[in-house]
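Following the hints, position chain B against chain A.
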Amino acid sequence: MLSDREGFLIETAGDLAPDADEVAGALASCLAEASQGIGRELGQGQLVGTILEYEAGTVLLHSVGSTALLAVLVDDPGALGKVRYYVRKTVPELVRAL
Amino acid sequence: MPLPRAVRARLVWALELSLGLELYACAVLALHARGLRATPLEASLALVLPALVIPPVFYLLVGLVSIRPLALAPMIVSVATMCALHAMLVLATGALFMVTDLLGYGGAVAFALWGSPTVTLLQLTAAPLVFARLRPLVFAWLRPLMGASRAPRAGARAVATQRSVPETLSAAPSPAAAGAATLPPMIRPLAPVVNRTAPMARPPVVVRPAGKPAAPAARPTTPPPAPGAVQSVAPPTPVAGQPLLKTWTPPPAPPVVSTAATPSSSAAPVEPKPSAPPSKRAIDWTEPMVRIPFVRIADQLPVEMFARGREGLKDTLRPGVSLLVPRKLLLPHLAEGLAPVKWDVVADQFPLDELALSHEEIAERLPDGSLLLPLDEVVPQIPPELLALSTPPADVRQLEEFPAPFQPQAATAEPVVGPARRAAESAPEIDAQPEDTVARADAADESPKSVAAPEPEVDEEVATEEPDVGETLAVDEDADRSRATQPEPPVLAGAVRVTPSPASAIERDKREHAQRIAALLTPLLNGLEIGQHDGAGTTLVTAVAPTLSEEAVVQTAARIVPFLTDARLPEPVTQATLTAAGATVVLTPFGSPAGGGALLATAIASRASLAWLERVSRMAAREAQSETGRGRRSGPEADSNADIELRTTAVPTAVRELAGALTAFGPVAPTLLRDRAGLLSACLFLPSSLDALPLAQFARDLYGALGGAEIGRVASVILKLGARRVILRSMDGESGNVTMLVGVGRIDRPGLARIELDRAATRLAALVGS
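For the protein sequence lines, the chains are A and B, in the order given.
Just so we're aligned, residue 628 is where the first sequence starts under our numbering, counting upward by one.
Just so we're aligned, residue 31 is where the second sequence starts under our numbering, counting upward by one.
Don't read these hints as lab results, they were simulated from the structure.
Quick caveat: nothing in here was measured; it's all calculated off a predicted structure.
Backbone N, C-alpha and C define an ideal beta-carbon position, used for all residues, glycine too.
One should not assume that every hint holds.
Calculated from the model, a selection of chain A residues having no Cβ within reach of chain B, i.e. all distances over 10 Å [claimed, not checked]:
(1) G641
(2) G666
(3) Q671
(4) L679
(5) E680
(6) Y681
(7) G684
(8) D702
(9) A706
(10) Y712
(11) K716
(12) T717
(13) P719
(14) E720
(15) L725
Have a look at the derived ranges for each label pair, beta carbon to beta carbon [said to hold, decoys possible]:
(16) B:D788 with A:T717: 21 to 27 Å
(17) A:I678 with B:V333: 50 to 56 Å
(18) B:A328 with A:A683: 51 to 57 Å
In isolation and in its complexed conformation, chain B is listed as follows:
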């Protein structure tokens, strides 16, 4: 079983002290072995005077060199101590010579003192070495003599070679040898001992000069010592989360000066004496610590606290220098986002001989007497289990509803369609709607756009509830079946901006569709702004990228709405994609015929996700799409371009060759139509089953409708008609004529179809130009 570090350190300390003395003894014996014999000497002034003067002068020089910071009292103490050690060495050497040389003790001491320069030199060397090891003890004992204000600096010399409390503790002598009660606080093991007697005798009277600030009051968790106690340690009254506190007080009454003063166990509060040093926490170094690099808190320390100013501060900034703070002191503060630690807790970890200020003065210079530790250093050192929220879950059993935004987490995790299903089960009648639904719908009618709830809320909740498309659609089917009785999903009600419209059942049905579609799209197309508009005989649900103008998208969509159900097309349009320079709009019809149908318009600026956008939009509207518009095909709009009559013309050979290159469309045949003026041409690549003229007229009308579109010039329109696709492109000729390129086919490689049509357009443009 390994020895504790403090015990090992004390052992080393004692061995070093013994080794110094033994080396001296061995050196004297070696001199004796080499022929040095003690002989009786005459006590002449010429011999005695140097022997008495040289050692003090030498020790004074040693003190001047070694004592930092330089002060008179420590200097005197050091010189006196070394002189005393020198005298002890002389006496011990005399005893040695008395034994070996059969000399009287007086004569032997005289010989040891001035009989041999070599012996004197050994003594001058040994005394400072021994003193170096004894210095912590000496200064700790004599600290009270040096005055309270200088106590830290005097004490600093006692631990001049120590850098931190653990090391300081390790330097303490064995309590058994030196007496634990007599050890100075800086070198006494703190943690294991709770009730301790005074470590040393105090001077009879220690008075702080008037005008000096009083010492800070003792901490409330630690009762101050009772009157009469020389030094007392706070009784072991552990407070949860607080370490034991050791309070130092000077002897209140002059007569009581004892190293074995009875520790007070009284809890009677006593005002701390003005000269009392600041209280220090008794840190248990075996408890878990948090290590903070000193460089992280150095900027909080006043530079003047260092004896060597900035130089001293700089020396402490070396890599690896850290402060150790008991973890349990920080835990209560972490919930506040702070990690403060009182200066008293960490004061002992600063080498006192480097400090120019007392701990009390340093604490006064710190905000609230504390250092604020960096949380990024503290938190990673706290075990996760200690950071876990220990708050018990709230009891919400008696609460029936939660007004926004106070919904508990469990409530928001419910699927969106949950209420719909519950409503369907509990209210089988179609027209029966909960009161709150109607109220919410009315409120939605009256609410302007500005009342839209923040979109991220929708994103978060819907994303949580709708993990993927497949699940979304499955849920959607169930929800749609019960939509007649479905209350509005509360999550979505605030997300969709609604323009004022009559609160009729049809409108509500439209709105429900719109909201459902918006809810389905939101998690899939994150970042789009969801809105709802009425116009062009349909309800338009918009999902528009923030960088685009929603109004422009709506107006452009309104232009194309009549063409989606145009009877000239072989099938109704299931999706239309309009591509302009800065925007791409995808229009997807959805909704039931009873509801009047609706149109989902999504608009994005970047086309990288266009395929995904089309697919998601189709999936979201798939069920409704199957019903929309079937049997409701509309005739052509009032033909404003009727005067532009298109007539079939002969197809050049080069154009026929283009048809062979359009492999993605399947087998197609070219058809060329022109108006009389030759300003408008239409080049169609169609399967043989389709009539070219209606499609050409459709393309002409669509082209005319999109002229001057709000989103910019529309370069291409792609209409998805079930399995077929119609791709319409327009090419402006140099002379002002326009050529429309229309490709129709069953396309399962839309990317390839577009590439081929682009190539065809390029070649056609070259042909037209030529």
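So here's chain A without its partners, still in its complex pose:
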């Protein structure tokens, strides 16, 4: 799920419940803003990404430049490393596309 920094959906893929992508995008931008504030207050620079672990899955949240956010829901924890690799590889392309 790709959303802009205001939480509006840019693109989505995968099997999500209706409206789940919208909600995820809206809340992801709120979370990114808060996380950005933490990094700013601690002098850690811009937010690169966060990993949210839940009982049923893991959500990778990654900044795509300064205008968008990429959220990836991973059901299989074993695939986390591979997903992170592809996310990092894909983000520059997304930045160029946006």
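Relative to chain A, chain B alone:
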């Protein structure tokens, strides 16, 4: 089963003492084995005099070196004791020579005294070593002789090598060997014994010089000893939460000097003698203790209490040095947020030879004679079960209502709509309202904005009651069905600021809507200030970020209200978002037609939560929105811009190409309109089903209405019309002309739509500029 630490310490102490004596005996026997034979000696002055003079002089030097702090009385006692030990060693050595060398005892003692320099050297070495182990006993016995004021310092020498009471206790000799009653207090095990006889004989008269401050009175929980008792320990009268207290009193009458004085069990109060040392608590070292690093309380101690001043204080600040305080002494004070401990309780844990002041004097220098322990050190060492509130729940069965702010916790945990449901069940008639509701509504009418209750209260309570959006909306539906009979939620009544307005049924209905919406928004949009205003023919409920001007938001919203139901739009507006440089305003119509409708205006400075804000606002107003405005479409406002007539013009190829790039809008066709003067242009990308001209005029009027908006220049307006979205942007040309860019479509990727429209705006601006 391991031996208790005190027993083990006493055993070690006795072994060390025995070992010193045995080493001496072994050394003498070794000399004998190597050919030393005792022979009768003449008692010449040249031999006897050195044998009698050298040991005292040597022991004096030893005393000068080892006694700290240096004082005459301890020095004399030390030298005398070592001389006595020397004499005993000489006598014992003589007995040994008498056996081994078949010599008369007199001759053998004479030989032991001055017959061999080697033996004399052994004696000079052994006597101080033995004295080192006996010193605590000696000084404890002789402490009264040294005077009350010097007692602590004399006693200090008795425990010069001890650092704390546990260690001191462990150094005590076996009560069986030395007699527990004869042990000095500093080396006597305290905890297990409750009734004890006097530990040692007291001097007949111990008088504190006149003018010296009297000793502090004994603690009220411990009856002082009866007259006639030499030393008594407080009878075992345990008080809840208080340890047993040991009170020391000097012998009141000269004739009574006995180590086996009968302990007094009388509770008759007796004034403590002026020379009495401060009372000390008998600490049971087996009970739970709280350990406080000494460094945390060091700043409360007077520097002058240390014999070596700051140097002495500095030495105690080493890591790992801690005070042990019985936990039960602290528990009664924790509820007050304090952890005081009397100096008497911890006094024994300070090495007395390091103290320059008596305990009494130190206690006088401390506030209330106590040390205040740091709570952050104390509380983590208290088991949680001891910190649990033991207060029983209040009995509120007979109380029918609780005036604010005295509502019990259970009452506030009730859902907001609980009263509404109850009211609906108990009062089926629509117009029937509880008296208190009417009164509250009237009061709300009369109350100015300043009477608004603190917002956090609303946050807390509503947040507790409304855990998530789904539940909120479910509750909202039920509440709305019964809203005609619903009393105002008391939690919200004070939260919404109400402008004066007629207290009619319609107004009350509006207000109920507004309050309900505000209640739903508050936990979701924490930090926004909730208000209510009347204007532009509608009730405006505002949720505004504290950094923004509420008045500016209200005035800007009033500008756009007529356009929300404009008939030129294909559908009524379900949400409008105005974006300015420093603020973003989201307007969401809600409310029933009977109630006249209302508008929720939320304004935020940061746009990071804009999507969430829009969604929450829509959800909060969803039910009402379905009814609002349908069939009540209004015609265009008095057309102040009617003279700006827009006419369709040819669409350049470059603009047509832009339409292909707007994928998020679906299939759209470009339309270009201009006024006669060419000052205003409108570029619309619309589905073929929509007529461009009315929308262009709508955009023109809206643009004109928002000119000079109070929140700043509005850069874009997004209107949500059911499944469609209308995105309106304006671009100022260099020559003063304005180009409006309007995109309309069924947009399910609003982020993408905006990106594409931004790109289109950039390219269009370049085209207009060229």
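When you look at the beta carbon of A:Y681, is every beta carbon of chain B farther off than 10 Å?
-> holds, 15 Å
Practice task
Could you check that no beta carbon of chain B comes within 10 Å of the beta carbon of A:D702?
Solution key: The assertion about A:D702 holds, with a minimum of 23 Å to chain B.
Problem - Status of A:L679, Cβ more than 10 Å from any chain B Cβ - result: holds, 16 Å
### Query
A:K716 clear of chain B by more than 10 Å, beta carbon to beta carbon?
holds, 22 Å
**Item:** Closest CB of chain B to the CB of A:P719 still more than 10 Å away
**Value:** holds, 18 Å
Is the hinted range of 51 to 57 Å satisfied by the C-beta distance from B:A328 to A:A683? Taking Cβ atoms as reference, B:A328 and A:A683 lie about 54 Å apart, which means the hint holds.
* Asked: Per the hint of 21 to 27 Å, is the separation of the Cβ atoms of B:D788 and A:T717 within bounds?
  -> holds, 22 Å
Check your understanding: Far enough from chain B: is every CB of that chain over 10 Å from the CB of A:Q671?
Key -> holds, 18 Å
May I ask you to check that A:G641 keeps its beta-carbon over 10 Å from the closest beta-carbon of chain B? At roughly 15 Å from the nearest Cβ of chain B, A:G641 sits farther out than 10 Å, so the non-interface label holds.
With d taken as the least Cβ-Cβ distance between A:L725 and chain B, does d exceed 10 Å?
A:L725 not clear of chain B: closest Cβ-Cβ about 7 Å, inside 10 Å.
(Q) A cut-off of 10 Å on Cβ-Cβ distance, and A:G684 was said to be off the interface with chain B. Does that hold? (A) holds, 19 Å
field: Distance rule for A:A706, whose beta carbon must clear each one in chain B by more than 10 Å
entry: The claim holds: A:A706 sits with its nearest Cβ about 26 Å from chain B, beyond 10 Å.
The structure fails to meet hint 15 from the earlier list, while all remaining hints are met.
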